[in-house]
Amino acid sequence: MKQPERHTMTTDHNIVLLDTWIEKAKAARLDASERADLKAFEAAEKDISNYEAMKSNYLVQLQNAE
1 MKQPERHTMT TDHNIVLLDT WIEKAKAARL DASERADLKA FEAAEKDISN YEAMKSNYLV
61 QLQNAE
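No gaps in the numbering here: position 24 of the sequence shown is 24 in the working numbering, and each next residue is one more.
Any given hint could be a false lead.
[What the hints assert, rightly or not] When the alpha-carbon atoms are kept at most 16 Å apart in a straight line, the in silico EDC-like pairs for lysine to aspartate or glutamate are as follows:
1) K26 x D47
2) K26 x D37
3) K24 x E52
4) K55 x D12
5) K55 x D19
The set of hints was computed from the structure by calculation and includes no laboratory data.
Let's have the full structure, built from the sequences with the hints guiding it.
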């Protein structure tokens with residue numbers, strides 16, 4: 001039986017990890033919003049933006065590698 005390519009398993013893991021970080025940051029943003037904590041809300045917004053950019057860049061790198 002042929003083993004899957006190593007980078008495929010790592011790729012899937014990285015995408016899931018980034019999606020998890022994005023969801024956690026969104027939950028933190030919602031929590032900050034409910035507490036009316038502007039500083040925490042802005043920090044969560046920045047985290048979401050950074051994680052989404054990381055995911056987008058990662059997906060572009062994967063496409064370019066093919």
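| task | Find the hints from earlier in the document that the structure breaks and name them by number, from lowest to highest. | result | none
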